[in-house]
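Asker: So the chains spell out like this:
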Amino acid sequence: MTESHSGKWETVIGLEVHAQVVSKAKLFSGAATDFGAKPNTQVSPVDAAFPGMLPVINRFCVEQAVKTGLGLAAEINLTSVFERKNYFYPDLPAGYQISQYQQPVVGQGRVSLDMPDGTVREIGITRLHLEQDAGKSLHDQHPTLTYVDLNRAGVALMEIVSEPDLRSAEEAGLYLRKLRSILRYLGTCDGNMEEGSLRCDCNVSVRRPGEPLGTRCEIKNLNSIRYVMQAIDYEARRQIELIEEGSRVEQQTRLFDVGRGVTRPMRSKEEAHDYRYFPDPDLLPLTLDPDWVEQIRAALPELPDAKKARFMSEHGLSAEDAGVLVAEKETALFFERVAGERDAKMAANWVMGDLFGALNRLGIGIEQSPVSAGQLGALIDLIADGTISGRLAKDVFAEMVASGADPVAIVAAKGLRQVTDSAAIEAAIDAVLTAQADKVAEYRAGRDKLYGFFVGQIMRATQGKANPALVNQLLKQKLAG
Amino acid sequence: MSDAALLALSLAEARDGLARKLFSARELTTAYNDAVAEAEPLNAYITPTPERALAMADAADERLARGVGLPLDGIPVAVKDLFCTKDILTTAGSHILDGFRPPYESTVTEKLWQAGAVMLGKTNLDEFAMGSSNTTSWYGPVENPWRRQSGTKMGDNRPLVPGGSSGGSAAAVAAHAALAATGTDTGGSIRQPASFCGIVGLKPTYGRCSRWGVVAYASSLDHPGPMGRTVRDVAILLRAMAGHDPRDSTSAPLMVPDYEAALDGGFRGLRVGIPKEYRVDGMADEIEALWRQGVEWLREAGAEPVEISLPMTKYALPAYYMIALAEASSNLARYDGVRFGLRVEGDGLEEMYELTRAVGFGAEVRRRVLIGTYVLSAGYYDAYYLKAQRVRTLIARDFAAAFEQVDCILTPTAPSAAFAISEKSGDPIEMYLNDVFTVPANLAGVPAVSVPAGLSRDGLPLGLQITGRAFDEETVLRAAGVLERAAQFGHLPGFVAGGRS
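Read top to bottom, the protein sequences are chains A and B. For the first sequence, the numbering used here gives the first residue as 1, with consecutive numbering after it. For the second sequence, the numbering used here gives the first residue as 482, with consecutive numbering after it.
This is chain A alone, in the form it adopts within the complex (with noise of 0.2 angstroms):
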């Protein structure tokens, strides 16, 4: 809801996400999808759209679809139809894209978004569809030529589309997240926006709470969710600042300009092409076995909300803490390694807190941690048998992060095994004790906050060594004495 000085507005905010199917082969040609190949490089003739040519679906993009919709909580239609949709541009070279229309493969699912006052929203899916990405046209290779890299034509693709129920910038940018983890987790998109696997078209329209829908604007092409959350925000400023001067939103396709931080028009509902949507009569409709969607659903990974709801019954997690484990998958699996036998919300300490501090330092991804999950699970096995205290093995873990070093070596190589002798540690007290006696007077006379004094004191003694539950006891012994 957004305030303004004529009264609060509520933006209306639908999403499609086109998704790039993570695939060796292209949706209807058997040409490699590596990214980053050299230019035309793995273009097939079926790609390049030659005479003749005609496509053959690729059985695993269809089963990466299916495994999407099932990770949506979506239908699946065991009848879906490819079309054509008709249009002319120099990176589609067969003059239309085969997508589907009005039988996609997956239909109506759900998206449960974790809002930040612990509550729960349920974003509807209208659909996904399969359909073939087109090639890039380079603007700036020539002075006055476009040349057109067809690489990336004929990729597969999986266009989700969502229900209008986002009404914020805030709620599309958690829908994305979302949307994405799950994606990863399933292992059916990289989800990697700098590299356009995932690419977003947002529609946005402006009300009054409780009117009818306003007017859509739809937003093209937006490559990061940063830019998701800016564009809509400008558009539905712009919108309402328009209503609010007496004039109307047109619905338009706008594009986002980056470096302005504005959207712009790219074109107006009266210059909108006619797609000529029919039929694809090279391709059969695709029918799906029931049994084989059942295999899939059967084979489907535990995903960001299951895994969360067994973090906290099974390992006594917060919903918050639970929440940041299960957002990405790698951190999951990295957590899930850690915590093993362990002590788990110990784990999870130690991986939000020291762990994600050093990562953010680096500047790294949870894959490229220096420290394994086995290296952390073994430090936090050090301090759960007393080897080491838990202030020493903050020491060790920054060693841990700098030499990538196993803890139990690091510990062995600089001595920094903990002391649990007590005829050691009593000695160590007593020279203390000794050495500071006037202080002791006055603990001893009531004042109790000298006692962390003393623990310093002690530890600096035993260069922090000294195992901290013996000191304590100790040298409570020994005061009270």
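Treat the hints loosely; a few may be bogus.
[Unchecked claim] Pairs of lysine-lysine residues, derived as BS3-like cross-links and limited to a Cα-Cα distance of at most 30 angstroms, are as follows:
| id | chain 1 | residue 1 | chain 2 | residue 2 |
| --- | --- | --- | --- | --- |
| 1 | A | Lys269 | B | Lys868 |
| 2 | A | Lys476 | A | Lys345 |
| 3 | A | Lys439 | A | Lys465 |
| 4 | A | Lys449 | A | Lys465 |
| 5 | B | Lys567 | A | Lys24 |
| 6 | B | Lys868 | A | Lys85 |
Note that these hints are calculated values from the structure, not bench results.
Following the hints, put chain B in place on chain A, whose structure we already have.
Answerer: Coordinates of chain B only, in the frame set by chain A:
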């Protein structure tokens, strides 16, 4: 053997002669290469390939000498220039494919070469197979080797069209400038020219022959198929062309029967449907008479004629043109000057598109792309394309119901004999009516064959058409064989390469 005698052999006879070493593949191919050159005035070929033909013939001779001959070893065939042939100019009869040499070979031609056949060249056709007279080709019209007999009432000696769109293939086979040929049939493009040129042309069931590598006109209606001088020749050729192709999603995963062997099967007791709706206004008496004669021939051979009804027939032609042109408008979008063929530079992208397509496509292609674009447009889709698809479903149902009663259906192939282009008004609808008897089988996807069955009063060949159940080409060929034997056609056109033997 004289060239004329070699050229007069049927495919089956040539095959047997080669096997018995009465002549070599090189001799046979040389005779045909000469025939192709001699028949040049007909303009039946766009690209003859005599050197490749000789090389293929030598390879066939080598296999035959070793006793490892293939089913079509040394058989010289012509290829409609809609089939992509690796490294050989493939034009679809269009200016827009100037210089296009495909880096791949169509499935059907690949199968022919694997069976040992010899490629004589690429034959002329209506541009993108759009036409019924072979007059729309960028490479000029094809002339029918037949002329009207002088002295007949209607007779004059004007050149006649060979029919279309596989007019070059039909004319070449009829003029002994090819032993057999491939064609494609979207609305009659194999059968109507076969009828006009006095040869046999078969449109197989949709899915029987792969469309991979065949330049698309209307994907759901395009049927590659064989053309030859006899029913047996067509049966032999079909077997080599047919079969499942995983690269064509609409290809049928079925075994291919031995069609030649099927010709010897029994015919007695077969029920032959005679659809009452095929008596159309303006159909020549002599065609009606020939049709009745055909019924008698089949009856005499032991079949039982049954009058049937195909009530949706009258809607077939308009439905066909809606669907075919809608698909064509989309299929031809790829000819944009960007990647292959003709490019006419303009000021910017839009103008390059416009000029390339305006210059590259002929008038008939432009007309069909425009109509097809129109019927798919927002607001018209339901009224035209969708309605046409419903009609198509009903026509398929008509055939399915008929085939509950009968085993095959006998009709004329075309409503007239070959005509001179000057005899048509130029009204495209008049030309489209040529396809009235042939389009229903394309809409239903069922097999149909045209067999030369007699001559018109002015001495031009007329064909009869047998239509059968889906994937029952065997019955269709068997019935065609009965008609062929009864008709004893045996006539030759005014022009045959090598002269009359």
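Asker: Please go over all the hints and tell whether each is borne out by the structure.
Answerer: Results for each hint:
{"no.": "1", "hint": "A:Lys269 - B:Lys868", "result": "holds (28 angstroms)"}
{"no.": "2", "hint": "A:Lys476 - A:Lys345", "result": "holds (29 angstroms)"}
{"no.": "3", "hint": "A:Lys439 - A:Lys465", "result": "holds (24 angstroms)"}
{"no.": "4", "hint": "A:Lys449 - A:Lys465", "result": "holds (23 angstroms)"}
{"no.": "5", "hint": "B:Lys567 - A:Lys24", "result": "holds (28 angstroms)"}
{"no.": "6", "hint": "B:Lys868 - A:Lys85", "result": "holds (20 angstroms)"}
Hint check: no violations occur; every hint is consistent with the structure.
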